[in-house]
Amino acid sequence: MNYFFQQLNREWRFMLRQKYILILLTCTFLISSFSVLSGLNEISQQQQTLERLKAADTVDREAAQKKHHDPGSIAYYSFHLTSSAPSNLAFAALGERDIYPWKHRIKMLALEGQIYESDTQNAELAQAGKIDFVFVLSALSPLLIILLFHDLYASERTSGRHDLLVTTAKSSWALWGARGAIRFISLLLCLMVPFYFGAWLSGTNLSNVVMVSFWSVIYLIFWTILSVYWGKNASSAPRVASGLIGIWVLFAFIIPILGDLTINKLVHSPEGGDIVLTQREAVNDAWDIPKETTMDAFIASYPEWKDHVAMESEFEWKWYYAFQQVGDQTAAPLSQAYRDAAHKKYQLAGIASLLSPPLLLQRVLTRLANTDAVAAFQYEQQIRDFHERLRLFYYPFLFTQQKLGETQLATMPSFEKLTQIQKAELNSNIDTSQ
Amino acid sequence: MSQNNLSKIIIVAKDEWRYWLRSKLAISVMAIGLLLTLSSVIVTSINMMELSHARHELQEDAEETFVEQPDRHPHRMVHYGHYAFRTPAPLSILDPGIDAYTGNSIFLEGHRQNSAMFADQKQGTALTQLGSLTPAFIVQTLAPLLLILIGYSSVSRERESQTLTYLLSQGTSGNTLILGKGLALLSVIGLILAPLAVAALISLHDGESITAVLAFILGYGLYLSVWALLVLLFSSALSKNSESFTALAFVWILLCVVMPRVASTTAATSVPAAGKLETDFAVIAELRKLGDGHNAADPAFDKLKAELLEKYNVDSIDQLPVNYRGIIASAAEAELTHVLNEFAEQRMQTELSQIHVSRQFGWLSPMVAIRSLSMLVVGTSIETHHRFLREAEALRFEFVQALNKVHVEKLSYQDDMNRNKDAAATQKARVSAENWQVLEDFNFEVDKAKQRMQRSLAAFLQLLLWIVLLVVAIRTIGKRLI
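Just so you know, the sequences run in chain order A and B.
Mapping of the first sequence onto our numbering: position 195 corresponds to residue 195, and the numbering continues sequentially without gaps.
So our numbering is basically just the index in the second sequence, starting at one, shifted up by 1000.
Looking at chain A on its own, in the form it has when it is part of the complex (with noise of 0.2 Å):
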């Protein structure tokens, strides 16, 4: 044991004395410091807005809740705000909250015509990608293993040590092995401690901290081996580094870029705008054909409204809603096609990424952190779960005049209540599946 500690030691004066490789570790230190740090800001502003974003939201529905007295327009004028919070591990892996939305103020009008508002940040900013640790870990720590670990050998044969080194050491173990452990290990905390500063901070939960303590250690030691393989025979340093570097283009941009074209090739998705023009068509037309079509496509739907559909007017607000719904109705399969289309383009973005590694880390990380594709399908689905308790909670009003007083509007659907019932239900799924 104290012979292996003395190898190390030896090794770990050997690499101080070294200049570019202490310049590389400052800046792995500094680059991952700087995502976990500006990860930790983004999420915390993220926070902020929310929270502001739910007073504002309260004050305004009750404002429009005491302007306006009959259920048609109080449905009208109020508006929900629905979020998608970070999870406390969102910090170090952004993922994609700058592309889909995690937060939408919705009412009863037609879902199809508001869903796909979108309240994106900066275009600019968001083309040119965010630097968050899944980044660092993903694309950039290859490069610097690459960098630390191809000249193990060739380094030793360019300046004639080699043979030597070799015939006097203990064993192989004892010169490469711990010479690599210790630019292993240097590089490994230069990474992570920046991540486990910012676990400590932002109190995520220690499964999740293992997890990618996990994968990171993998991926890396995957790299590692790689890099060390690569170079086994070589003399010629430069050339084992470009052969790497060729590697690591083939898997961050090569596989990734074929795969999206395969992908959009194989999986046809209807137009974005096919499905709001076809729901505005809907809801406009209704306007000028016969209530009854309306109505009648309306009770198809909701059977137990049949007996209330007569009007004694040319406006009636249960008539707008009723329309406002056959339009979404109208749009659904189209709608549905399209989400279809993206979850089939997020799986075969699975198999993709099988073949690139650093994919495949963005993946299992951003899922962990809920901060995926998947995460915004579950948010865009619990909208569509709430707007339809919405209108579930207005249409005794709208459709038997009954009275909508204080009492009734305090219980309301709110979604934070949903979304709290849907993740009880989810926990209790997964105890009784155990």
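Honestly, the hints are just simulated from the structure, not real lab data.
Small disclaimer: the values here were computed from a predicted structure and weren't measured.
From the three backbone atoms N, C-alpha and C, an ideal C-beta is built for every residue, glycine too.
All clues stand as given, with none of them false.
Covered stretches of chain B, going by a simulated chain A footprint (3 or more residues, C-beta under 8 Å):
| no. | segment |
| --- | --- |
| 1 | 1077-1086 |
| 2 | 1149-1156 |
| 3 | 1278-1287 |
| 4 | 1347-1358 |
| 5 | 1379-1386 |
| 6 | 1415-1423 |
Using the hints provided, position chain B relative to the given structure of chain A.
Same frame as chain A, now just chain B:
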């Protein structure tokens, strides 16, 4: 420079080419580079041309369906709305810029400014987060790597194999040697840029100005020259091939992979932007003061009512020769648009100040400089998108007000007030479909070349500064070359 010296430079350059042609690595790197550039030019060109065609068609369809709507109450058409599509700039076949990140169509309706919908990125595979097959990405990120791979040893090799002293003692000066190697690298740059230049020239056919095309090619030429100079600098300054390579690879990682993202993250952090949702609350609060245009009885319109009664010298709104509801709708729309535009301008200004921060990083990284230069010259930057938003808003306001005018003049107040009485009254409260010919043709075009040039000036300066500094550094080293 003497004739003799020039021929020496050419001999050095030729010799460098001979070395490359014998080296398997250099040949395969060049072949891969050319293949990537070519395929990216072809794939992106086809994509963007299809998009352009599709959006033109959608725009025409939208105008046709609007005009074909049946007789209706004019306010129904205000809510029926219209679409505006952003057709891409001709040069976007080489740099689509933010096209996939912003929605490319806007639904235009009364009382609201919608955001652009359906950004392509949302329906994408998320596989292209690190890079996409666009000529811009390939040349900005991968071409420098290619130059490094074939050029890292250009001078250090001569030193390592001890031919350098020999060459210098034969009367070739250090600077001549470096110039020759530089010339060889320049010819490689020419090779990489050739497919781009051809595609850029083709875009002339689609109405792009020659100034923009030349500026585009010049910009990329300058950018890759920066990299050729960096390669020469490290190769001359460091004594070993491996040192030169490691240093260059590390510089590439910092400048091309890390810096652009550090720039955008710093911009987003230092200039926080309230989302649209958040400013919407401020808009709503502001609008409450203005009054609801659907409700002619809103006390906010009392003053307008009094003025109208006085103007036409009548006692009640029923006696007005014009439709009071239409007047209210029109007045409310004008005031509301004023407020909405104010907030929209604020949002755009915030975005611009963010971009301003991120573009300053061009002084630190030539990659950030060429990225902004390219998007600005092509017209796929945020500025052009903002102009699209403004033009779409102008189109919205124009047709909504034109419909409100029809509401005021072509529909009597009595018919309008009785519209919900029975089916016959509803029929009577309509105007003929001939009135739907209020749409202006919407055809979004990229900004004038001169304006794009002005915007990209700073980025050109950034690249030039890099070149000047590098040339000075290389000349100093060239003199002391041993």
